[in-house]
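*Asks:* All chains, please: the whole structure from these sequences, using the hints.
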Amino acid sequence: MGGGSVDLTPLPWNHYGFSIKETVDIDGDQFNVYRTGGEGVVIFCLHGAGYTGLSFARLAGSLTQRLKCQVVAPDLRGHGETKCSQPMELTKEQLSKDVVRIYEKLFPDENNRPYAFIIGHSMGGAVAIRVCHEKLIPRVLAMVVIDVVEGTALAALADMPAILKHRPKRFQKLEEAVHWASTSLDCYCQLPGARQSVPSQFKLSSNGTYYEWIIDLEKTAKFWVGWFTGISKEFLDCQQGKILIVGHVERLDSELIKAEIQGRFQNVIVPEAGHAIHENDPDSVSNAIENYYKRFAVLIEKGVKFNV
Numbered sequence: 001m002g003g004g005s006v007d008l009t010p011l012p013w014n015h016y017g018f019s020i021k022e023t024v025d026i027d028g029d030q031f032n033v034y035r036t037g038g039e040g041v042v043i044f045c046l047h048g049a050g051y052t053g054l055s056f057a058r059l060a061g062s063l064t065q066r067l068k069c070q071v072v073a074p075d076l077r078g079h080g081e082t083k084c085s086q087p088m089e090l091t092k093e094q095l096s097k098d099v100v101r102i103y104e105k106l107f108p109d110e111n112n113r114p115y116a117f118i119i120g121h122s123m124g125g126a127v128a129i130r131v132c133h134e135k136l137i138p139r140v141l142a143m144v145v146i147d148v149v150e151g152t153a154l155a156a157l158a159d160m161p162a163i164l165k166h167r168p169k170r171f172q173k174l175e176e177a178v179h180w181a182s183t184s185l186d187c188y189c190q191l192p193g194a195r196q197s198v199p200s201q202f203k204l205s206s207n208g209t210y211y212e213w214i215i216d217l218e219k220t221a222k223f224w225v226g227w228f229t230g231i232s233k234e235f236l237d238c239q240q241g242k243i244l245i246v247g248h249v250e251r252l253d254s255e256l257i258k259a260e261i262q263g264r265f266q267n268v269i270v271p272e273a274g275h276a277i278h279e280n281d282p283d284s285v286s287n288a289i290e291n292y293y294k295r296f297a298v299l300i301e302k303g304v305k306f307n308v
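By this note's numbering, the letter at position 285 of the sequence shown is numbered 285, and the numbering carries on one by one without gaps.
The following label-pair restraints were derived from C-beta to C-beta distances:
hint, residue 1, residue 2, range
1, 253, 210, 36 to 44 Å
2, 186, 230, 24 to 32 Å
3, 165, 301, 46 to 54 Å
4, 205, 258, 44 to 52 Å
5, 208, 260, 50 to 58 Å
6, 207, 25, 28 to 36 Å
7, 30, 260, 35 to 43 Å
8, 304, 158, 48 to 56 Å
9, 205, 111, 47 to 55 Å
Dumping the calculated DSSO-like pairs for lysine-lysine here, alpha-carbon to alpha-carbon at most 30 Å:
hint, residue 1, residue 2
10, 305, 105
11, 105, 302
12, 97, 68
13, 233, 294
14, 135, 258
15, 219, 203
16, 233, 97
The hints are simulated quantities; they were obtained by calculation from the structure and are not laboratory data. No experiment lies behind these values; they were computed from the predicted model shown. Think of the CB as a built atom: it goes at the ideal place given N, C-alpha and C, for glycine as much as any other residue.
*Replies:* Pasting the structure below:
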């Protein structure tokens, strides 16, 4: 317990949303993957920098209550419980290659792969856009990009070093990390979800006396520009359905404002949910996905195959 009557105790990985935790081996690299649901459309979730697959736990719970679906959320390279020989090889190209190979391992029958939604948050959104733009995963009905827009993302990079410099480097207890995340303006994550997702971002120090971040975001700085440059055009050029979820309409850059007026994508505004919109307001995100899925539901449930 901590913070008076507020419970900050870490929750197990399967408290919300996920029921399966497995390891996917790719050439000796061990990717940790969270899953729930055994049939239906795949909701393939790609987290942001510093986060883990557990950031989608509450969304997974909301989605499986609404849809016949299977939610999959890997810990990307360098994050969470994933173990790679080169954990800091975090180019958008490498991350895209990783997620495609994870997907192919999980759904090996290339002639009978299910329909899918690709969801990406922040860095994961940039990866989702590349995967869809290059058509690296088949039968994608739509991509859902959460709180990442090229113009505003690139403009915000100048402030990131200062933000990270003032972020705590370590915590004596995981409860302290949960409290920080649930009260921080820079990395806001609501309780009780923070009790499940935040601990997955930390590891015990080598001497066993404190908890430190699994990934040092300051060391990822050289990849930031590469993640976000060009994503607005790629997003709009994608032939799959496109949903952009942001906290404020001001987040849109000029290219996206023009495209929204032209009806080239669906824009969903979810105010007061911070950067991790899917964590802090999972029902709004799952509602947007459910409404889009309804366009295809009858055909999918009847087993009709169609090109997307």
